[in-house]
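Add chain H to chain G, keeping to what the hints say.
Residue numbers (my numbering), protein chains in the order written: chain G, 1 to 394; chain H, 1 to 394.
Incorrect hints may have been included.
Remember, identical chains collapse to one label, so a pair may be satisfied in a single copy or spanning two.
[Claimed, not checked] Only pairs whose alpha carbons sit at most 25 Å apart, straight line, appear in this in silico SDA-like list of lysine to any residue:
| no. | residue 1 | residue 2 |
| --- | --- | --- |
| 1 | K234 | T29 |
| 2 | K39 | D169 |
| 3 | K311 | E163 |
| 4 | K195 | L237 |
| 5 | K39 | Y141 |
| 6 | K311 | R201 |
| 7 | K234 | D365 |
| 8 | K39 | D258 |
| 9 | K39 | K260 |
| 10 | K260 | P216 |
Calculated from the structure, these hints are not laboratory results.
Number of protein chains: 2
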Amino acid sequence: MKADAEVTLRQVSIAGIGQVQVGEHWDLTLRQIGYQAIKSALDDAGMESADAVYVGNMLAESLNRQAHLGALVADFSGLRGVEAFRVEAADASGAAAFRAGVMAVASGMCDTVVVLGIEKMTDALPAETQAALALGMDREYEANHGLSQASLAALMMRRYMHEFGATLDEFAAFPVTAHENGVGNPFAMFRRAIKRETYLRAGPLAEPVNLFDSAPICDGAAAVVLTTRENASKLGLDHPIVHVIGSAVATDAVAVHDRKDPLFLEAAYLSSQRAYLQAGVTPEDIDLFELHDSFSVIAAMSLEACGFANKGEGARLAYEGGIALNGRIPISTMGGLKARGNPIGATGVYQIVEVALQLRGEAGDNQIADARIGMAQNLGGTGGTAVTHILASE
Amino acid sequence: MKADAEVTLRQVSIAGIGQVQVGEHWDLTLRQIGYQAIKSALDDAGMESADAVYVGNMLAESLNRQAHLGALVADFSGLRGVEAFRVEAADASGAAAFRAGVMAVASGMCDTVVVLGIEKMTDALPAETQAALALGMDREYEANHGLSQASLAALMMRRYMHEFGATLDEFAAFPVTAHENGVGNPFAMFRRAIKRETYLRAGPLAEPVNLFDSAPICDGAAAVVLTTRENASKLGLDHPIVHVIGSAVATDAVAVHDRKDPLFLEAAYLSSQRAYLQAGVTPEDIDLFELHDSFSVIAAMSLEACGFANKGEGARLAYEGGIALNGRIPISTMGGLKARGNPIGATGVYQIVEVALQLRGEAGDNQIADARIGMAQNLGGTGGTAVTHILASE
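With the rest of the complex left out, here is chain G (with noise of 0.2 Å):
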């Protein structure tokens, strides 16, 4: 990735915006979930077809036993004949399906992309959605082994309690923060607010991690227009335009004890500096955060990889009231990974779709007052890959 502030060659921006509530839709097939996202997306562009449609999904092949879901879903969209293909990066799919959308858009090869993320888990069983959540892990050296996202999660919070001396107090922060925001999210899975008591006596996935440090399995699909900022304009849109001010991959060992340094997420602060530099912008200029809070302990370790926090200092600017929607650094403000649900591969359109919402004064109950400038990151696996979006209002 090159990483300077004239890195594009077209400005892109998003033109419009679609998602479903995130649950447990057994109603609804894959296509189908995913064609009432890109129609809630091209209706709110005012467009009714595009040049590509990318799609962000990462299980669809082991749970739903389906691949080749761009033509799929492109043609039972009503898009028949468009450019279209799937971009996976484990649970950063969704993301990196924006990235390959942003470049299409910049490179003039396109001039108007539709992203979709989707996933579509609870039709399978759980040990199967738990097999393939662990196809984002290193095979030969952590899945064949027997370890889970659950279980990695657990060494490193553990590991990151002994280091720093966090506790679960701390911890908490997290997931009351995102049960928070979820109610006033009309999309999310939980709209439900937890104390920090319910927390503290949540029973163990795999200790010290417990069933409010992990986020839920869920179907969801959300979706966004992307074209240059010269079309956007032209558009005569009744909601503002949001731009695109940094885009960045990264990429870091995907077995986490390769690391340089397990409790430090390399990829995380490898494309957040990537996409500082591109939008011109620091830490301090971020209005909010929609950050990949699958753990608690991934929520504590993303804000220090990305500058909001000293290293072992994440999980105590949560306690101390920094992540609210009215603290030093919003994050989840919609519900997060926690509370809107993390349904795969659609989590980073998801992202996405909030920053989206709180950079056009559209947030409701949960608006961040002046917003900006707003960044969203997604993870692939425990940290293999991270994908860094900046984006920002007029």
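Using the frame of chain G, we list chain H on its own:
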């Protein structure tokens, strides 16, 4: 997809190519075979690193139980930290990843990109492999009812013979030519010519499709290094630079029965038309065509969809010698999917590597005289996706 001659803002060129021999690589893991192709392409480009790695792969989630190949292979290839993700469009995954690479360089987001196509099919049981290949079909309307890629090809071939009076003698020209060309390709799986009689005596897979109408199960990895035309000219390489002058993806219904005409590859037609327009060429200007000969009937239909034969006359063109190395439109010049082998998600990148070899004048015994413009087309499923690239020498 926009289709005008001024479509990209930065011109994209191929600075390096690399491939491993297609075959049964039981001694190599997925990441090892990927590293070999990447190293070989970077060496050819005189480079040690790149800004991004895009990976074309279809089946690793099913057959190797490994997703997240972008980060995994980038790390193992010594490129930890770079941008990486996987692109999937069923059997067209390799060419779709190449398309993403072209957009990344054209957009200015990246200066140098490695595109890797990779597939490792032979470690799984044949039944698992067949089930995985069915992921590229429509799950609900085709695969769930027991159709396979071979049985769909059989339905198309039978109908093609009925409609157009084509004979097995005519179809024989595809595998006979492919195997003849495989002899001269050190990276081919099958380096052995076959006689027309051998084809006519071969056992059926799904009548009328026989063993030689179908491409083999195999392992393979191929890679290319993309950069701007300007950068490429400054590298001082001892081989010619090949330029990307056309790049297009199109889709059709994934399910054959949903198409307007089951005997016309609409996506192949659309993507080739868009690529011709971008490149400012017509079929008459194409010196060689690496098409998707997964089945003989698909090769015939590809020739027709891309303007090299009238409808129903593709098999006859082959029978009359039109596809030979010295024919009107040479195809499968290094063996094609049939004899070089069809490592699914890698195939599209092998095709690009082979067109580049021809345009560089490095195709050895199989060299097309005065080859200046070559085309590669990779199909997903039975034609639900088509990715077409047109390359040119100086």
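Going down the list of hints, with the structure as the test:
Taking identical chains as interchangeable, the C-alpha atoms of K234 and T29 are never at most 25 Å apart, the minima being 36 Å within one chain and 52 Å between chains. Proximity of K39 and D169 under a CA criterion of 25 Å is satisfied in neither setting, with 43 Å inside one chain copy and 49 Å between copies. For a Cα distance limit of 25 Å, the shortest separation of K311 from E163 inside one copy, 10 Å, qualifies, whereas the shortest one across copies, 70 Å, does not. When the C-alpha separation of K195 and L237 is checked against a cutoff of 25 Å, the pair qualifies neither within a copy, at 41 Å, nor between copies, at 65 Å.
For a Cα distance limit of 25 Å, the shortest separation of K39 from Y141 across copies, 23 Å, qualifies, whereas the shortest one inside one copy, 42 Å, does not. Proximity of K311 to R201 under the C-alpha cut-off of 25 Å is found in neither arrangement, the shortest distances being 28 Å within a copy and 70 Å between copies. Taking identical chains as interchangeable, the C-alpha atoms of K234 and D365 are never at most 25 Å apart, the minima being 30 Å within one chain and 56 Å between chains. Taking CA atoms no more than 25 Å apart as the test, K39 paired with D258 passes between copies only; the shortest distance there is 21 Å, against 43 Å inside one copy.
Taking the shortest alpha-carbon separations for K39 and K260, only the inter-copy value of 24 Å comes in at or below 25 Å, while the best intra-copy value is 44 Å. Neither within a single protomer nor between protomers do K260 and P216 lie at most 25 Å apart by alpha-carbon distance, with minima of 30 Å and 42 Å respectively.
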